[in-house]
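Heads up: the protein sequence lines correspond to chains A and B, in order. Under my numbering, the first residue of the first sequence is numbered -19, with each subsequent residue one higher. Under my numbering, the first residue of the second sequence is numbered 1145, with each subsequent residue one higher.
Warning: the hint list may mix true and false statements.
[Claimed, not checked] Calculated from the model, a selection of chain B residues having no Cβ within reach of chain A, i.e. all distances over 10 Å:
{"#": "1", "residue": "Gly1213"}
{"#": "2", "residue": "Gly1243"}
{"#": "3", "residue": "Gln1257"}
{"#": "4", "residue": "Leu1286"}
{"#": "5", "residue": "Ala1413"}
[Unchecked claim] Partial chain A-side listing against chain B, Cβ under 7 Å, derived:
{"#": "6", "residue": "Pro38"}
{"#": "7", "residue": "Ala162"}
{"#": "8", "residue": "His174"}
{"#": "9", "residue": "Pro177"}
{"#": "10", "residue": "Thr181"}
{"#": "11", "residue": "Asp251"}
[Unchecked claim] For each label pair, taking beta carbons as the anchor points, the in silico distance ranges come out as:
{"#": "12", "chain 1": "A", "residue 1": "Ser11", "chain 2": "B", "residue 2": "Asp1293", "range": "16 to 24 Å"}
{"#": "13", "chain 1": "B", "residue 1": "Ala1406", "chain 2": "A", "residue 2": "Leu257", "range": "58 to 66 Å"}
{"#": "14", "chain 1": "B", "residue 1": "Ala1177", "chain 2": "A", "residue 2": "Ala223", "range": "45 to 53 Å"}
{"#": "15", "chain 1": "A", "residue 1": "Ala119", "chain 2": "B", "residue 2": "Asn1188", "range": "54 to 62 Å"}
{"#": "16", "chain 1": "B", "residue 1": "Arg1270", "chain 2": "A", "residue 2": "Trp93", "range": "25 to 33 Å"}
{"#": "17", "chain 1": "B", "residue 1": "Arg1170", "chain 2": "A", "residue 2": "Trp93", "range": "39 to 47 Å"}
{"#": "18", "chain 1": "B", "residue 1": "Ala1406", "chain 2": "A", "residue 2": "Pro167", "range": "43 to 51 Å"}
{"#": "19", "chain 1": "A", "residue 1": "Pro167", "chain 2": "B", "residue 2": "Pro1424", "range": "53 to 61 Å"}
{"#": "20", "chain 1": "B", "residue 1": "Ala1444", "chain 2": "A", "residue 2": "Arg153", "range": "22 to 30 Å"}
{"#": "21", "chain 1": "B", "residue 1": "Phe1312", "chain 2": "A", "residue 2": "Ala223", "range": "54 to 62 Å"}
{"#": "22", "chain 1": "A", "residue 1": "Pro167", "chain 2": "B", "residue 2": "Ser1441", "range": "33 to 41 Å"}
{"#": "23", "chain 1": "A", "residue 1": "Leu106", "chain 2": "B", "residue 2": "Leu1469", "range": "39 to 47 Å"}
To be clear, the hints were calculated from the coordinates, so they are not data collected in a lab. Backbone N, C-alpha and C fix where the C-beta goes; we use that ideal spot for every residue, glycine too.
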Amino acid sequence: MSASAPLIARRPRTKWFWSVLPGYFGFTIISFWIVAALTARFWIPYSPFDTVGSRLTPPSFDHLFGTDALGRDVFSRTMAGALYSIPIAFVVVTIGAFIGCVLGAFAGFVGGWRSAVVMRLVDITLSFPPMLLAMAVAASFGPGLTTAAAAMIIVWWPLYARLMQAQVLSVIRMEHVEAAIASGVRPGRLLLRHILPLCWTPILVNATMDFGQVVLLAASLSFIGLGAAPPAPEWGAMVSDGAVNYYFWWIAAAPGVAILSVVLALNFIGDRVRDILDPRKHQS
Amino acid sequence: MTMDGPNHASPSADAKSIAPPLLSVRELIKDFASSGVFALAGSNPIRAVAGVSFDVLSGETLGLVGESGCGKSTLTRCILRLLTPTSGSVSLGGVDLAGLDAEAMRNQRKHLQVVFQDPYASLHPRMRIGDIIAEPLRLLNLSRRASDDRVKELVDLVKLNREHLERFPHELSGGQRQRVGIARALSVNPKMVLLDEPVSALDVSIQAGILNLLMDLQERLGHSYLFVAHNLSTVRHISNRVAVMYLGKIMEIAPRDQLFGAPRHPYTAALLSAVPVADPKVERRRQRIVLSGEIPSPAAPPSGCRFRTRCWKAKEVCSTTEPELRSDGASTFACHFPQAS
């Protein structure tokens, strides 16, 4: 080996580039949709609710993505639709993760029969296919965005409860927790200060990944008529409209691509978050 | 590392007969039920600690040695009530810890603290050093200010820098972290400190510093140590008396010089003969006792004497009758055929 050869081989710069690219790509797309959700009402060319042109016109300069069966502008409706899908996903993941974490941490920490009650409830909920359970719950509550969100929370919390319970069980066996018990730390403080701070990583990764799944599930519920009520420009409902008029491809294309881009972007971000937070990745 | 003995006065023999022991462990037993898919109903539990009794006097250091898996760590965890003993008693200053509920036990923890083996694992990775040391102080209900002052005092005591208080454990070296562990244990001024192999995870160059610090602190503050280790040299350095454990039972307890000078139990003799001597001439001529075999499973200990399967002196009686602990001179040992004193 010559004297100038580096002792440690560096990871090629190009490889690094390709490993972070999807993350930035996803971040860009999500940023776009968040901005759209917040500001679309100010810059979309037409009202998303009203008939603004002739029915079923193909894409043109007047109507970028065409018009639907009622003569509404698909571009305006797609942009306005971000205000439905993204907040719903955020609310469902946040509340679902919160409920799941509280119950899971409780189950992992107290153990015994109280843990068994929570975990069996988790098992029962998880034994249903998520789509089927969400449909059943949403149908029994009656259609609407709020009930769809409630149904999705009911489907979603057990995943977090199980994850959190497993995390707490593994952290509670660590020596510094034993040291804290030996120091006379009370149970509440033990859980909040000594156990939970080391439990968040997988929860955060999972929540990011699930975001896309929730967007998809919300769209699915709207597609079968259990989500947003008809005039609302929800993406799933718009795809459903397009499915009825399937000769006119542009009605479903724009909201379909919107769903695809959001789900894909969130999955990319989830992967990137996992890579950043996973300590094993840094050792390689 | 210098291995001259403790320079503090060892408790004298007459003090032993007058003062009641600080920590008194009696017939302590800890079973672990064997579990898993292949565990048969009614299969033997694993008896990690099989009836251990000993006393620790006020201000003394009792060394506890034994090879890996002999139940040393289980014993310390039972004393700390991190595990609940199956039977037996642990009394600290006259209070039986084994029978206390969680709240009463918490109140006793200001008298009983511990320094763990691994200074990397035993400190909360996301807490600042100052907060880690202050954690046991909550037992005393001090004001914020008094607690801060106490933490600064402790940092000086264990010879850390006050700048370290704002750091996180991963920013410290192994020796510094173990000093944090010691400061945490001493923060509430305990009467009894358990040292669970406090130096075995450290570099040899740092071990002596930590051992001397521990001895220095004991001289100043007057607490007792139960020093658990598998390294005989460190035990010899710090202990007043030494107990030798094998497969969940105590084989021999004796004052340090007695045990190292004239071991009575064959197991003790075998352990001591495994310690290398620093002089190559002596080392070459030295007679070593080499034990054959492995430590037996605590789920199925040998009949009679637990050590007989590896003992070169074992006779018929060893497999039928379990030797009781008996005293002869300063030593107490459990053997039918002890070494000459």
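Taking the hints in turn, this is what the structure says about them:
1. Listed as outside the interface, Gly1213 of chain B is consistent with that label: its C-beta sits roughly 18 Å from the nearest C-beta of chain A, beyond the 10 Å cut-off.
2. The non-interface label for Gly1243 of chain B is consistent with chain A: the shortest C-beta to C-beta separation is roughly 18 Å, beyond 10 Å.
3. At roughly 7 Å from the closest C-beta of chain A, the C-beta of Gln1257 of chain B falls inside 10 Å, breaking its exclusion from the interface.
4. The Cβ of Leu1286 of chain B lies farther than 10 Å from every Cβ of chain A, with a closest approach of about 13 Å, so its non-interface assignment holds.
5. Under the 10 Å C-beta cut-off, the non-interface status given to Ala1413 of chain B relative to chain A holds; the minimum distance is some 34 Å.
6. Hint on Pro38 of chain A is violated. Least Cβ distance to chain B is approximately 58 Å, over the 7 Å limit.
7. A hinted interface residue such as Ala162 of chain A counts as satisfied when its beta carbon comes closer than 7 Å to some beta carbon of chain B; here the least separation is about 5 Å, so the hint holds.
8. Annotation: His174 of chain A was flagged as interfacial toward chain B, and the flag holds, the nearest CB pair being 6 Å apart, inside 7 Å.
9. For the restraint placing Pro177 of chain A at the interface with chain B, the shortest Cβ-Cβ distance is roughly 5 Å, inside the 7 Å limit, so the hint holds.
10. Interface hint at Thr181 of chain A: violated, since its Cβ lies 12 Å from the closest Cβ of chain B, which is beyond the 7 Å cut-off.
11. For Asp251 of chain A, the interface hint is violated, the least distance from its beta-carbon to any beta-carbon of chain B being 25 Å, above 7 Å.
12. Roughly 50 Å separates the CB atoms of Ser11 of chain A and Asp1293 of chain B, a value that falls outside the hinted 16 to 24 Å.
13. A beta carbon spacing of about 59 Å between Ala1406 of chain B and Leu257 of chain A agrees with the range 58 to 66 Å that was offered as a hint.
14. Checked against the hint of 45 to 53 Å, the C-beta distance between Ala1177 of chain B and Ala223 of chain A comes to roughly 60 Å, which is inconsistent with it.
15. The supplied range of 54 to 62 Å is met by Ala119 of chain A and Asn1188 of chain B, whose beta-carbon atoms lie about 56 Å from each other.
16. The supplied range of 25 to 33 Å is met by Arg1270 of chain B and Trp93 of chain A, whose beta-carbon atoms lie about 32 Å from each other.
17. A hinted range of 39 to 47 Å is violated for the C-beta pair Arg1170 of chain B and Trp93 of chain A, which are about 34 Å apart.
18. At roughly 50 Å, the beta-carbon separation of Ala1406 of chain B and Pro167 of chain A lies within the given 43 to 51 Å, and the hint holds.
19. Roughly 57 Å separates the CB atoms of Pro167 of chain A and Pro1424 of chain B, a value that falls within the hinted 53 to 61 Å.
20. At roughly 27 Å, the beta carbons of Ala1444 of chain B and Arg153 of chain A sit within the given window of 22 to 30 Å.
21. The hinted window of 54 to 62 Å between Phe1312 of chain B and Ala223 of chain A holds, with their beta carbons roughly 56 Å apart.
22. Between Pro167 of chain A and Ser1441 of chain B the CB atoms are about 36 Å apart, so this pair conforms to the stated range of 33 to 41 Å.
23. Checked against the given bound of 39 to 47 Å, the beta carbons of Leu106 of chain A and Leu1469 of chain B, roughly 56 Å apart, lie outside it.
Taken one by one, the earlier hints fail for this structure at numbers 3, 6, 10, 11, 12, 14, 17 and 23, listed in ascending order.
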